[in-house]
Every structure is written in structure tokens, then in C-alpha cells.
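Enquirer: Chains as they are written, first to last, in the working numbering: chain A, 1 to 197; chain B, 1 to 197.
One or more hints might be untrue.
Which residues of chain A face chain B? A few of them, derived with a C-beta cut under 7 Å, are [as the list claims (entries may be wrong)]: (1) Gly139; (2) Glu142; (3) Ala147; (4) Thr185.
Derived DEER-like restraints, expressed as beta-carbon distance ranges [unchecked claim]: (5) Ala100/B <-> Glu32/A: 49 to 59 Å; (6) Ala189/B <-> Glu53/A: 35 to 45 Å; (7) Asn123/A <-> Glu167/B: 21 to 31 Å; (8) Arg169/A <-> Glu32/B: 53 to 63 Å; (9) Ala125/B <-> Ala132/A: 20 to 30 Å; (10) Asn187/B <-> Ala132/A: 15 to 25 Å; (11) Arg164/B <-> Met94/A: 30 to 40 Å; (12) Gln156/A <-> Asn187/B: 18 to 28 Å; (13) Asp7/A <-> Arg98/B: 45 to 55 Å.
I should point out that these hints are in silico values taken from the structure, not numbers from a laboratory.
Yeah, the Cβ is synthetic: ideal placement off N, Cα and C, and Gly gets one too.
What follows is each chain in one-letter form.
There are 2 protein chains.
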Amino acid sequence: MPRWKPDAVERLQTAALELFDEQGFERTTVAEIVQRAGLTQRTFFNHFADKREVLFGLSAELQQEIIGEIAAGDDALPPLDAVVRALEVVADKMLENRRAVVTRRYAVIAANPELQERELSKNAALTEAIAAVLHARCGDPETAFLAAGAAMLAQQAAFRKWTRPGETRTLRDLLPDALHSLRTTVNQAPVDPPLPP
Amino acid sequence: MPRWKPDAVERLQTAALELFDEQGFERTTVAEIVQRAGLTQRTFFNHFADKREVLFGLSAELQQEIIGEIAAGDDALPPLDAVVRALEVVADKMLENRRAVVTRRYAVIAANPELQERELSKNAALTEAIAAVLHARCGDPETAFLAAGAAMLAQQAAFRKWTRPGETRTLRDLLPDALHSLRTTVNQAPVDPPLPP
Chain A
1 MPRWKPDAVE RLQTAALELF DEQGFERTTV AEIVQRAGLT QRTFFNHFAD
51 KREVLFGLSA ELQQEIIGEI AAGDDALPPL DAVVRALEVV ADKMLENRRA
101 VVTRRYAVIA ANPELQEREL SKNAALTEAI AAVLHARCGD PETAFLAAGA
151 AMLAQQAAFR KWTRPGETRT LRDLLPDALH SLRTTVNQAP VDPPLPP
Chain B
1 MPRWKPDAVE RLQTAALELF DEQGFERTTV AEIVQRAGLT QRTFFNHFAD
51 KREVLFGLSA ELQQEIIGEI AAGDDALPPL DAVVRALEVV ADKMLENRRA
101 VVTRRYAVIA ANPELQEREL SKNAALTEAI AAVLHARCGD PETAFLAAGA
151 AMLAQQAAFR KWTRPGETRT LRDLLPDALH SLRTTVNQAP VDPPLPP
């Protein structure tokens, strides 16, 4: 895709991911990242508070987009469907064209407990923000909490598949499948006990 | 309840919670905790790696009990029901008689981002352990992942009610209600669009 201006954030993120991938997160310095990106440390710290944050640059924007989509969405949809619908739109808009980078980022985070903690924290904040917008919409805090959590669960299941080597389906296509699997799992009924002889 | 021996771990946890509650987690030292408990720093560090861990002493034991209950449970139950059933048994066995302490712990954690991160991390580890035992049982990793996540969601919803001031129902009673609410939320169907005039 042609770009009308060089994107410092994206260059820093790509350089950081390459280096984390090659030599590990711990062993990579900010100096190495800016060198690989052809930028200065000043630029780095203009955009990110620390080395960890370079991996989470997209989080705030993603959250804003998801919340915006839920708020703008069809009121007739039940809360869970409304969130999954918003996740589908945002997946198309912000993630699908970055599949390789997002997949690499996921692998780097999975390899480092400190990064996993930050990721869990960002996900918890996103879930809470989703629950808040659902609560305002449906009026019931428990339904909002459960719908937000269930949507994030479907999202994670879809995401795991989307980042698997060889997977070609889009995240948008995987999301409804994951929601279907979640519904099936949640609705599984106990097997009847065998009849007495 | 009469105890056959003094429980250093419980005394340290109670003292720590009281102090965190009174003066905040950050401002409390290990020296103050052991003084309040009438024990030594040596005893503290025999049981806990750091000040944070005093709040998470029960986690490993809880996880072990929950996994054991799932493994020992009725094979005819679908994965989600099997986990909720195990959570009910463990709630009765390990949490119900500690309601005040557990509620206070929950409030201390909610007030401190660093403690919240640790809590999220422990919950993620528990969810993964549950998913692993379900996977071994049902053979399908996605069903295992979704059932474990859904059970934790019901658990959190029940837990939120259980720790609310004035709530008198037991966690064991609140769990099936939360599971029912989760099922209702996940199954809500879209409202039909209005007929054209």
C-alpha cells in the first residue's frame, strides 16, 4: 500500500518485533530498535513510555474503535452479538492487513511472562470498557459483564486460529464460527443417566 | 472452629489484610505484618516470596482442589457443567468459611493495579489448567478453552455478588444462578426487525 507519509510508529513496531523475535525481548535495547528503524531515541520516547509499550501501541486505538462500533451499532442486536459484530468490523479495518505483524507480536508476548501480564491487563481494561458501554445500553450490569466476557472469549478463540501457521480464513470469518462454538459449548446438556436395568 | 495447631499462614494473611486495609498495600511493610501477627520475618519468608504473595497464598491450593474435583467428577457432565460443579464443591470447602477475609482481600486487590496484574495472571493460569484437564477429557482444545473461560466468567459473576455488602447467599448457591445468567446472555436472540408498513 502506498503511504503518503512515513509512519514512525509502525517502523518502530516492526523493527522492535524483528529484534524481539531474533534475540528475545529482554536482550533487545531501545537503541537497537531505533537503529534498525532508522530513527532516533527521541522519536521512540515521543511515542512509547518504555520498551514494553512498543508492543501495545495499537491497544488504545483498537479499544476506541471497538467501543465506537458498539455504540454506533444496531440496537436490535443482543449485547453479545453487538460486541462480536463490532469486533468483526474492527478486525477488517485494523487487523487483517497486519496479520504477519500481529502474529509475530502474539508469539513474542507468549514467550515472556512480563509481557503476558501487560497483555492480560490491557485485555481486562478492554473487557471493562465493553461492559461499561453495554451496561449503558441494556441497563443490567450482570448481563453487560457476561456479554463482554463471552465476546472476549470468542475473540480469543478466533484469534488463536487466525494466528496459526497455514490458517487462511480472515479474522472476520473466524469470529462468527467462534461465537457458534461458544454457544454450542455453553448449551451442551448433561447426558441422561442410563436407565436402570 | 477449634484448630489443632496455630496456623502461621492464616495469621500472616489476616494481619497483612488488616494493615493493607488500614494504611494501603504500598505503605505496609513486612516488619509491620509480622509484628501484628506475633511472628518473625523468617517465618514470613518461609511461606511467602514477597509482600504481594501473602495475598495469593491460597491460589495454588485452590487450583489444585479445583483440578482434582474436575478430574474426579461425573464424566456424564458436559465440560462447562463439570467445571462449575467443581467450583461449587471447592467454594464450600475452602471459601465459604473465609468470606470476610476473602472479601477484604478482593477490595485490597481492586485498589492496587500491581496486585490486579498478579490476580489476572493467577486467574489466567487457573483457566489454562482447567482447559488442560478438560482437553484431556473431551479431546477438543477449542471446547476445552471455551468451557474453561465460560466457567471462570460465571465464577467471577458469582464472586462479585458474594463479596457485596449485605449479600447472604452462599457462593455455592450463587454459582448455578450465574451459570444460568451466562446461558441466558449467550443465547439471547436478535430482535426481529419491524415488518415493513
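Enquirer: Run every hint past the structure and note whether it holds.
Expert: Each hint, compared with the structure:
Restraint check, Gly139/A versus chain B: the minimum CB separation of about 14 Å is more than 7 Å; hint violated. The interface hint given for Glu142/A holds, since its Cβ lies 6 Å from the closest Cβ of chain B, which is under the 7 Å cut-off. The interface hint given for Ala147/A is met, as the beta carbon of that residue sits about 5 Å from the closest beta carbon of chain B, less than 7 Å. Annotation: Thr185/A was flagged as interfacial toward chain B, and the flag holds, the nearest CB pair being 4 Å apart, inside 7 Å.
For the hinted restraint 49 to 59 Å between Ala100/B and Glu32/A, the CB-CB distance of approximately 52 Å keeps it satisfied. For Ala189/B and Glu53/A, the hinted distance range of 35 to 45 Å is satisfied, since their beta carbons lie about 41 Å from each other. Range check, Asn123/A to Glu167/B: Cβ separation about 28 Å, and the 21 to 31 Å hint holds. In this structure, Arg169/A and Glu32/B meet the distance hint of 53 to 63 Å, their C-beta atoms being roughly 56 Å apart.
For Ala125/B and Ala132/A, the Cβ-Cβ distance of about 27 Å falls inside the hinted range of 20 to 30 Å, so the restraint holds. Distance hint for Asn187/B and Ala132/A: a CB-CB separation of about 23 Å, consistent with the stated range 15 to 25 Å. Take Arg164/B and Met94/A: their Cβ atoms lie about 37 Å apart, and the range 30 to 40 Å holds. Taking 18 to 28 Å as the suggested C-beta distance range, the pair Gln156/A and Asn187/B conforms, at roughly 20 Å.
Distance hint for Asp7/A and Arg98/B: a CB-CB separation of about 53 Å, consistent with the stated range 45 to 55 Å.
Hint violations for this structure: number 1 only, all remaining hints satisfied.
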